[in-house]
Every structure is written in C-alpha cells, then in structure tokens.
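Visitor: Could you build all of it, start to finish, from the sequences and the hints given here?
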Amino acid sequence: MDKIPELEKVGECVWEIGPGYKQGMRTRARLFMDEDLLREVVEKESKSWSTIEQLTNVACLQGIAGPAIAMADAHPGYGFPIGGVAAFQAEDGVITMGGVGFDSNCGVRALATSLDESEVRIGLSDLMDALFKRVPAGLGARSLQLTEAQEEEVLVRGARWAVENGYGWDEDLRRTEDEGCLEGADPDRVGETAKKRGMGQFGTLGSGNHYLEVQVVGRVLDEEFAKALGLESGRVVVSIHCGSRALGHQVGADYLKVLDGAVKRYGIRIPDRELVCAPFYSEEGQAYFGALNCAMNVAYANRQIIAHRVRECFSEVFRASPEDLGMHQVWDVGHNTGKLEEHLADGHTRKLVVHRKGATRAFGPGRVELPPEYRESGQPVLVGGSMGTSSFVLRPTARAMELSWGSAVHGAGRSMSRNKAKRRFWGERLVSELSKQGILVKGHSMSGIAEEAPGAYKDVARTVRVMECAGLATRAVELRPIGNIKG
Amino acid sequence: MARKAREKRKQQRSSYEVFEHPADAGVRGRGRSLEEALANAARALFALAADVDTIRPRQSVRIHIVSSDLAALLVGFLNELVAQMDLEGLLFCDVEDLQVRAASGRCSLDAVAVGEEICPGKHRIRAEPKAATYSQLLVGRIPGGRDAGGVWVAQCIVDI
Chain W
20 MDKIPELEKV GECVWEIGPG YKQGMRTRAR LFMDEDLLRE VVEKESKSWS TIEQLTNVAC
80 LQGIAGPAIA MADAHPGYGF PIGGVAAFQA EDGVITMGGV GFDSNCGVRA LATSLDESEV
140 RIGLSDLMDA LFKRVPAGLG ARSLQLTEAQ EEEVLVRGAR WAVENGYGWD EDLRRTEDEG
200 CLEGADPDRV GETAKKRGMG QFGTLGSGNH YLEVQVVGRV LDEEFAKALG LESGRVVVSI
260 HCGSRALGHQ VGADYLKVLD GAVKRYGIRI PDRELVCAPF YSEEGQAYFG ALNCAMNVAY
320 ANRQIIAHRV RECFSEVFRA SPEDLGMHQV WDVGHNTGKL EEHLADGHTR KLVVHRKGAT
380 RAFGPGRVEL PPEYRESGQP VLVGGSMGTS SFVLRPTARA MELSWGSAVH GAGRSMSRNK
440 AKRRFWGERL VSELSKQGIL VKGHSMSGIA EEAPGAYKDV ARTVRVMECA GLATRAVELR
500 PIGNIKG
Chain V
45 MARKAREKRK QQRSSYEVFE HPADAGVRGR GRSLEEALAN AARALFALAA DVDTIRPRQS
105 VRIHIVSSDL AALLVGFLNE LVAQMDLEGL LFCDVEDLQV RAASGRCSLD AVAVGEEICP
165 GKHRIRAEPK AATYSQLLVG RIPGGRDAGG VWVAQCIVDI
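Just so you know, the protein sequences line up as chains W and V, in that order. Residue 20 is where the first sequence starts when you use the working numbering, and the numbers rise one by one after that. Residue 45 is where the second sequence starts when you use the working numbering, and the numbers rise one by one after that.
Computed list of chain V residues with no C-beta within reach of chain W, every gap over 12 Å:
1) Q56
2) P101
3) V144
4) R145
5) V156
6) D191
Heads up, incomplete: computed chain V residues facing chain W, CB under 7 Å, no partners named:
7) A127
8) L131
9) I162
10) I169
Partial list, derived from the structure: chain V residues whose beta carbon lies under 7 Å from chain W:
11) E64
12) E172
13) K174
14) A175
None of these hints come from the bench; they were simulated from the model. Quick caveat, the model's predicted, so the values are computed rather than measured. Yeah, the Cβ is synthetic: ideal placement off N, Cα and C, and Gly gets one too.
Guide: In structure tokens, the structure reads:
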C-alpha cells in the first residue's frame, strides 16, 4: 500500500485516494475492498492494466459528483474499471460510453420456483437439455425474428412489449428495475446497422460470461427479506445473466465514434480516449442517452423472453403450469447502465447521470422507484458467482445511497485473463469435475467454459462480505448451482 | 493450392497476435506498411473469434470505413468486421486488397474480408467479439524489423 501515499483508510473496507494522486483529478477515488483485495489491486496489477489508474482517470471527468468508486470485485476494463461507479451532474457533467460498456444493461434476472432440489434432480438432465435447446446461445445464435415495426416497439417499450405479446406475466414488470422500460428511449438515435444486428437475437443468451443457471437456495441469512422475495431454503431458483446482444454492442460502437467527435467539439480534456464523452445535455449526449435507453430496453425484453422460455421448459419437464410451479420473478437488475437518477448530494436533491459498469444498482429502503413489496426493505441485489460457485442475494442499506449512489458489486470479478484461463483449465475436464460435484454444465464452446472456470475469478463470498463490512448491503440468501448453460 | 494457403497462413501468423488483458483480449498486427499492420490486426480479430484454419474463403464482403485519424480508423475497421460477420452470419479468415487513403484530417480504408457461413460443428469457435475499444490503442511505427524506420503496429483491446 506504500506505493500510493495518497491512499487512506476512511472506514471499514472503505479506502480513498486523494486528488493529489494525479494531475487533473477533480475528486477523490473511493474503493470498497478488504486489505487483501486492495493489495492485489495496488501491488499486483501492472501500470498498463491498473484498476487504480482507470479509477483515478474517471475522477478527472467533467461534472463528476462525489467520488469515483470501485467496488470489491473491481478489475481493469477499458475506460472505467469493471466494477466502477461514477455519477455526473446532469446540468454540467458528461455521459460517457466508457462508463456503461458495449453490453448495455447486461444484468441478472432471478425466478423462484416452489420445487425443491430433490424434485428437480430427478428431471435435471431433461431440464438442462430442454433449456439448452430452447434458449439459443453462443456465436451466431438466432431466436425470434421480429419485423422492423415490432423491433421499434421493443426499443421503446422494452419488457412491456414482451409481456404484452405473451412472453411472461404482468407482475414480472413490477419486479424489474424501471419496470422493464426506460423512458427517453429514442429509436431514431439507433443506427440501421444496430437495428439489423438486433433483429434476430431477441431471446438469445449470448456468450462469454453469460449464463442460465439452475440454483438451490442454500443458506438463508435474512429470513424476513427472503420471505419478501419468495425464497425458501432448499427451493430451486433460476438465474439468467445476459444483456442487449448485438444491438447494444453496435450502439456502443457507433457512439464511441460520435463521442470521440464530441470531445474535440467541446474541448473536453480526457486522460484516456476510451472515456470519450459529451456534456449530458449536448446534442451528442442526448443522442447517446436516447440510443442507450433503447439498448437497455432491449436487454430487459431479452431477459423477459428468456424467462418465458425457462418457464415453458420447467412446465414441459415437470408437467405442471409455471403458475402451479410457483415461478414468480424475484427481481431483474442491470449492471452495465447509465441512468438519470435523483440523489441527495451536498444536502440537495440533484439529477445525476449515474454510470455503473459491472456494478449493480442497490437502492435501499424508501426509494420510490421500488415496487411496494420492496420499498420498505430495499431492492434485492442479485450478485452472480462464477460457474460452480454460489451466487448471492443482498439486501442494500440506506448507507449505500450515501456512500455509493445506491450501488453494490455485481459478481466476483476476474482474477485471471481469458488466455491464461484457457491455458490452465480444460473445458471438458471442468465439465466432468463439476458434474462430480453435482453441477450439470452444458456449453456451446469448451474454450468458453475454460475461460469461465471458477479459478479465473475472485472469491464472490469475499466480495459480498466486503459489502457488509463497508455497510452497503447485507447477505440475505446464498444460491448454489446445480445446472448451468454457458453460451 | 491448399498447401499454399496453409503456408501463407503460417507466415501471416507471425505477424499478428491476440494478447493478454485482464477481462477481454487485445489484438495486434505488425507489418512493413500501415496496410499490412491493419490487415494483420484484422487477422488477429478473426483468430480471436475462431480457429481460422477451420474457415475457408468462400464468400467475400467489401469494407469501407472513414475516420478522422488512423487510430480511430483501426477501431472503426475492426468494428465493421464484427458487424459484417454478425449481419452476414459469417466467420472471416482473411482480409485482402486493403488500402488506406489519408488527406486533410480524414482517413479512409477499403478492404475485402473473406470467409464462410458459421457452422458450429465445423468451426472451432473461440469467442464472440463485442466491439473494438479505444483502450491500449496504437497505430504507428515502433523501432524494430528490417526497415530503419521501424515496423508498423496496429493494436487495441476488444471487448468479448
């Protein structure tokens, strides 16, 4: 830690680096980490791949409100570190693609069931086969083919379109962030290439670290919250992790170029070209925001359609309706997002453009954005583990609103590059080892499975413990995997 | 003919690489000219997506990109390749006839990308590139190689 004299411990699992660390920093950088996680970041990362360098670059951006934040699972990305959070004053701050990423609104949806593990184990192999067949995944996967007019509807209405067209239940929308539809989506701001690329991909899982996982509720650490979520020890849950697919990627690529021009046009100084941005209320800023909202709506619709397919598969295998199987939605969160939110800053309620890149929204008790059943408790925070390890549901605190704009970790965070993981782990062997542990894995690419080996990730149990230590969120429910589909 | 093609690929392989990144992957192309380096960066992208030895050059797609500078030209070029692979349902294995024109603050690139329709059973698919980024972005000459002026390098990080 001596490498950074400006680094200071300001609370339990809360560290800050003062603005004196780097020329151009407008604010401090704040890291939510225990000492070991921090030591990895400070001492083991190189200067060219550095969470600290990327985080302190973010602290240089115009109009930043509060600190630039890194969560416990933070690691180097591009632009923002993955696990990075920053908010900008809407009136004079910026919006940056580097703070959202290409997979806009990549996130997690969880569905409960009334089935217990022993019931599902009997049909697990058939269930995994059905899910593998019915939820397209991997490179080149195609699903629903919509018309142009239908696609425009999805861009504007998100998951609402999906429910209105028979993919899911009305109640799903209430238990989705933003009710599955962001206002301010402007399809005219989405380019033709993005629309064409998105056309056949609604209802596909994607690849890389995306997955569909059948889990069992293990430890329940917060009975009251678990009850509100409809989760009971021993019952089966399904988690879906995916995003906006090629439409989102293309929106990101298109606006990388637009914002590159905006930086020159407005004379904005940025320490890293990947942090290209525009003033939020500028022409370019509003164009990107309009397109981004479309892409985020696509992700909500995508997860809605996949959830519907999951219900169909369970119904087919266990020969009961999804309603009779108790397949209610727990929640749907995004963790690559840029949203206009109201927060208390310096004693005033301000409109902030909150960027969460590999970080989950964690709105605590009392927020009006939450549905009635979660308004008193705070929203569930779905934190995905790596393949073969537990996932967690966290309960956020009011303190999260003060310290991190209501944000928490999104997962474990990578500790090893994909290339290194492929050299160290062998996909087929991993599948066999996990099978011996009672976890059935099906994947479209053995190389992809190797990249996602549990050994390539940090310990998710540690990153969620840091959330508790720092006072942002408490662990409520642990979910252990019994089946996993990888793209 | 197949042997010639294999030898050509083997030679090309020494001029491009997929390099380490904590979460994603980097693509790097080298060459005696800017065009060669850009073409090799594209080959690195193709190798990132799939084993190019399993892909035949059966179809071609014309690529045309304009940009304000060479670095952004590389990113635009790679992103156009990603887009075309997705739109056409192809995997590319090579790029041909690459030309760059630069004048008065504007650059353009023309090329032909070749490959065939994706066939998961036949092609060893490795990753789904999402997009090229401005991270670790470099297009320029660095010391090394046979020429006194150095060798051209084109590289960036690709989100996967």
